[in-house]
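One letter stands for each residue in the lines below.
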Amino acid sequence: MTMISVDKNLENLTLAFTAEFSATPEQVWQLWADPRLFEKWWGPPEYPATVVDHEFRPGGRVRYYMTGPEGEKYHGRSQIVALDPPQSLEFTDGFLDDDGNEVDEMPSMANRVEIAEIDRGTRMVITTTFPSLEAMEQLIEMGAQEGMQLALGQIDDLLASMT
Amino acid sequence: MVVDTLTDEQVDLLFHALADATRRDIVKRAMTGEHSVSGLASGYAMSFAAVQKHVAVLERAGLVTKSRRGRERLVRTDIKTINQASELLDRFEELWRTRVNMMSELLAQDPGATP
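Just so you know, the sequences run in chain order C and S.
Just so you know, we're using my numbering here: the first sequence kicks off at 733 and counts up by one.
Just so you know, we're using my numbering here: the second sequence kicks off at 31 and counts up by one.
No wet-lab data here; the hints were simulated from the structure.
Be a bit skeptical, because a hint or two may be false.
[Claimed, not checked] Label pairs and their calculated CB-CB ranges: (1) C:D831 x S:Q139: 48 to 58 Å; (2) S:E39 x C:A848: 36 to 46 Å; (3) S:F78 x C:R789: 22 to 32 Å; (4) C:R789 x S:Q139: 24 to 34 Å; (5) C:P780 x S:S72: 37 to 47 Å; (6) S:R99 x C:M735: 39 to 49 Å; (7) C:D831 x S:A138: 33 to 43 Å; (8) S:K83 x C:P780: 24 to 34 Å; (9) S:A75 x C:S864: 16 to 26 Å; (10) S:D120 x C:E834: 49 to 59 Å; (11) C:N741 x S:K83: 34 to 44 Å.
Each residue gets a CB set at the ideal place from its N, CA and C atoms; glycine is no exception.
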């Protein structure tokens, strides 16, 4: 099992995930730093991500979109706050409008990634902090829409296989 | 499969109710058992009426239930609603579990990765 622990704190609006990998910190870092690798895990399997802009440096922006099964696109972006390869990365992440432009009132979540070497490989801790409960609701609901469509897609497949 | 158990309106009420520190504190205190509104009010530097208003917001959101005992109104946290709020976080957890699994698979494909 690679996910070691999940710490949810509703009061501080923080979620922390700890994962361990049989790899070096540099290899784990590359999953974040290399846009072609990032594309392979950021979106859920049925919603692969495509990186449009990749300014992987403090103050830079990584813009991407995820493509759903019906060809629908969900645009998002990460604003890089700080990075210290291969051990830490801070960025804010949020959704963009349908044309991939910034939306003023759209909340974003703050993320901190910490990567450290351990005996059996590498430990990665990602901590996400939501600016407010309302923002958390909005961001998760928007993210969950993809999950919802995923579930609906599975029902379609099931119905198709029955006929 | 994502099962949505709350309507959008309920979610709005829920998160509006939880957005206030006093209300979150009331929910926490009333989790351990029934508390009278006056008992709750004595713990805050605000009027009985103000605390009563907070309780009403929580009640509308389904976070607490009120019952009557004699002249007192007793407040108790509805754990069911709290669980529904944490379901939102569960969805976010699920997203990260998927991501971590995919990261793990990618690293396993990498010929340079240690076994």
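Consistency of the hints with the structure:
As the Cβ distance of C:D831 to S:Q139 is approximately 34 Å, the hint placing it in 48 to 58 Å is violated. Separated by about 44 Å at the C-beta atoms, S:E39 and C:A848 satisfy the suggested range of 36 to 46 Å. A hinted range of 22 to 32 Å is violated for the C-beta pair S:F78 and C:R789, which are about 56 Å apart. Taken as a hint, the range 24 to 34 Å holds for the pair C:R789 and S:Q139, whose Cβ atoms sit roughly 27 Å apart.
A hinted range of 37 to 47 Å for the beta carbons of C:P780 and S:S72 is inconsistent with their spacing of about 57 Å. A C-beta distance of roughly 46 Å is found between S:R99 and C:M735, which places it inside the suggested range of 39 to 49 Å. A C-beta distance of roughly 37 Å is found between C:D831 and S:A138, which places it inside the suggested range of 33 to 43 Å. Checked against the hint of 24 to 34 Å, the pair S:K83 and C:P780 fails, with Cβ atoms roughly 49 Å apart.
For S:A75 paired with C:S864, a C-beta distance near 24 Å keeps the hint of 16 to 26 Å intact. In this structure, S:D120 and C:E834 break the distance hint of 49 to 59 Å, their C-beta atoms being roughly 29 Å apart. Remark: the range hint 34 to 44 Å for C:N741 to S:K83 is contradicted by a beta-carbon distance near 27 Å.
Consistency note: the structure conflicts with the earlier hints numbered 1, 3, 5, 8, 10, 11.
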